[in-house]
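> Residue numbers (my numbering), protein chains in the order written: chain A, 1 to 366; chain B, 1 to 366.
Check the hints yourself; a few may be wrong.
For identical chains, the list gives no copy identity; a pair is met inside one copy or between any two copies.
Here are the simulated DSS-like cross-link-like pairs (lysine-lysine), alpha carbons at most 27 Å apart as the crow flies [stated by the list, open to error]:
1) Lys294 x Lys316
2) Lys332 x Lys243
3) Lys300 x Lys135
4) Lys286 x Lys243
5) Lys20 x Lys247
6) Lys316 x Lys39
7) Lys207 x Lys192
8) Lys286 x Lys231
9) Lys12 x Lys106
10) Lys259 x Lys209
11) Lys231 x Lys247
12) Lys231 x Lys359
13) Lys162 x Lys300
14) Lys109 x Lys247
15) Lys286 x Lys164
16) Lys39 x Lys106
17) Lys332 x Lys294
18) Lys7 x Lys82
19) Lys192 x Lys247
20) Lys108 x Lys7
21) Lys247 x Lys21
Since the hints were derived computationally from the structure, they do not count as laboratory data.
Number of protein chains: 2
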Amino acid sequence: MKSNTKKIPFDKQLKLECGKKLQGFELMVETYGELNSNKDNAVLVCHAFSGNHHAVGEEKEAQKPGWWDQLIGLEKTIDTQKYFVVSLNNIGGCHGSTGPTTILSKTKKPFGSSFPEVSVVDWVNTQYLLMNYLKIECWEMVAGGSLGGMQALQWAISYPNKIKKAAVIAASPRISSQNIALNEVAREIIRKDENFHDGNYMQNNTKPKKGLKAARMLGHITYLSESNMSKRFGRRLQDPITKVDEKINYEVENYLQYKGEQFSETFDANSYILMTKAMDGFDPAKKFNGDLVKCFKKIKARLLIASFNSDWLFPKEYSMEIQIAAIKAEIKSSYIELEGDYGHDSFLYYSDEYSTALKSFLENNE
Amino acid sequence: MKSNTKKIPFDKQLKLECGKKLQGFELMVETYGELNSNKDNAVLVCHAFSGNHHAVGEEKEAQKPGWWDQLIGLEKTIDTQKYFVVSLNNIGGCHGSTGPTTILSKTKKPFGSSFPEVSVVDWVNTQYLLMNYLKIECWEMVAGGSLGGMQALQWAISYPNKIKKAAVIAASPRISSQNIALNEVAREIIRKDENFHDGNYMQNNTKPKKGLKAARMLGHITYLSESNMSKRFGRRLQDPITKVDEKINYEVENYLQYKGEQFSETFDANSYILMTKAMDGFDPAKKFNGDLVKCFKKIKARLLIASFNSDWLFPKEYSMEIQIAAIKAEIKSSYIELEGDYGHDSFLYYSDEYSTALKSFLENNE
């Protein structure tokens, strides 16, 4: 499989939804497979909240597979022999694209807290610029789960002539009060870390690792299902020899501590805040007085809408709201509720049913 | 209604379940109504995680009603004309009973982090000593919700001859992996506040208020239901004039910020950790190799087991597990699933259905 990782500069000023501007930006992009001569085999995959451009294959440093490695590759669900798959780190992120850790050439200091608010609409706009750069005329499919699914849906709304299919997986047309509340607790934890310095920790040569860790521990609980946690950990006590901290008793505590710690090493706190704010703010129907049907009227792409039965963060009702609006707006769509053991995170894991649904959606043209 | 608030000293050494000892302790106790001459009208109500002895009536300082004021009082569900209601702050708490903020007479310093681990069994044992002090021979009923419901259940197990009825409301025979995980995140947030000082913040003349605040914000989400939050807050933006913090956008964020801040003023961080650890550790079946039926065999009290339909923290499956074990153990019990708008917190709020169930359980003897 041909694979390519590249940081691509965009020099033109970018106007963001919040009204602020970026004087140019860079996107860290990874592609898999090759664009055919008809340029009609391109698939864009959009990462979720803490994902990045590395969707497929081994990561050189951490040796972690890409976030959708189970579904993309040679003879996999999205077969890279047939499709040219494009993946990128979104702006505001912390894996190579322009974000809060980027050093400003003028001041030689990082953006830090001055990085402007970004939105799903902004990401789709930058992905559109990337599309032009790659000389792709129309995406065969844009796909993603969770916040990635929101981008797929926004693509269908923002650029109806540039996308044939949108796979909107474990997503929502707008998140709930409870989701916002959970995001706000995570942000509060990060902001109140004494090393946060109002977002300018890099300038202070420090990092709010404690806050990031606890925020991720909370996030992790919401990505898994109760039944999955019960199966994996139950109420088993942690072996004292392998305890990561004296203060914990149970295996599940040890696991969360470990996962949180690991995350805090690699992720950026300002990005965490920006990404969750983008998730909170996603609400394409807002411009249509909350009418999702009106908002969907100009969509030309076919939609695949999928939810997972164990997902309590973005339960099936969210996906069904998209499907019902799609039916009323008379756009082509199908909805499937999939079995998934991993709660909200199920969208990251292969299953025959999931793979078949996505593959047949991608490969069958009407 | 006759009401009495008193701090009662117990001089004897108390051996705790963890193996450690307290050289005497004090209980902050509030009673409502009067003990009759037969001494058969006493009701013990046990507080949940962050509750205290003040169950009924106006609080003098904060002007807050007691936590079960909606259900206890003159002509209320638990009628104080008929019943002598006893409420106390549990040891390890921070509302007057011996706990981490208690100053040790020897050292003139607070217990702080040296306060020993307490358990539901320990609380029931101290409540038993209180019962003797008050010259009550048998409780007509022990009742509580959440962690309070666990105490009611433990009473039926620990002192089968001293309790006629146990009202086990919104409780669980043991909490799940997910519950433990949520508690651990809250503890992690508190422990990592730079003012926590390994639990000895009083000695350092400070308080981990930021940690307590964020931990409570998280707790608050789990006590409410998603539908209740959606109804109350939806996705409405907070009026900029009444924002508690510049960084928030939504009403739900403002509400949580406010609630968390308020809580952090009055609660103690070590108590937070102790109380959640007691909740994690509650597992009466453990001594019976996990067999709840065996554990229930010696119960003589009648049980009322109640859950609320909107409670996602302690869903009905937990209550049903108690009911099924009770049936198999051939003890008298009834289970009811109640409507409740407030998620897990529903046990605190009056409804006709809830009141009728509890009143008829208390007043009807077979």
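> Next, verify each hint and record whether it holds.
Checked hints:
| no. | hint | in the structure |
| --- | --- | --- |
| 1 | Lys294 x Lys316 | within (22 Å within a copy, 40 Å between copies) |
| 2 | Lys332 x Lys243 | neither (52 Å within a copy, 43 Å between copies) |
| 3 | Lys300 x Lys135 | within (21 Å within a copy, 78 Å between copies) |
| 4 | Lys286 x Lys243 | between (48 Å within a copy, 22 Å between copies) |
| 5 | Lys20 x Lys247 | between (45 Å within a copy, 17 Å between copies) |
| 6 | Lys316 x Lys39 | neither (35 Å within a copy, 55 Å between copies) |
| 7 | Lys207 x Lys192 | both (12 Å within a copy, 14 Å between copies) |
| 8 | Lys286 x Lys231 | between (40 Å within a copy, 18 Å between copies) |
| 9 | Lys12 x Lys106 | within (17 Å within a copy, 72 Å between copies) |
| 10 | Lys259 x Lys209 | both (13 Å within a copy, 26 Å between copies) |
| 11 | Lys231 x Lys247 | within (23 Å within a copy, 39 Å between copies) |
| 12 | Lys231 x Lys359 | neither (30 Å within a copy, 39 Å between copies) |
| 13 | Lys162 x Lys300 | within (9 Å within a copy, 72 Å between copies) |
| 14 | Lys109 x Lys247 | between (39 Å within a copy, 23 Å between copies) |
| 15 | Lys286 x Lys164 | within (24 Å within a copy, 57 Å between copies) |
| 16 | Lys39 x Lys106 | neither (39 Å within a copy, 82 Å between copies) |
| 17 | Lys332 x Lys294 | within (15 Å within a copy, 58 Å between copies) |
| 18 | Lys7 x Lys82 | within (24 Å within a copy, 77 Å between copies) |
| 19 | Lys192 x Lys247 | both (22 Å within a copy, 12 Å between copies) |
| 20 | Lys108 x Lys7 | within (20 Å within a copy, 63 Å between copies) |
| 21 | Lys247 x Lys21 | between (47 Å within a copy, 20 Å between copies) |
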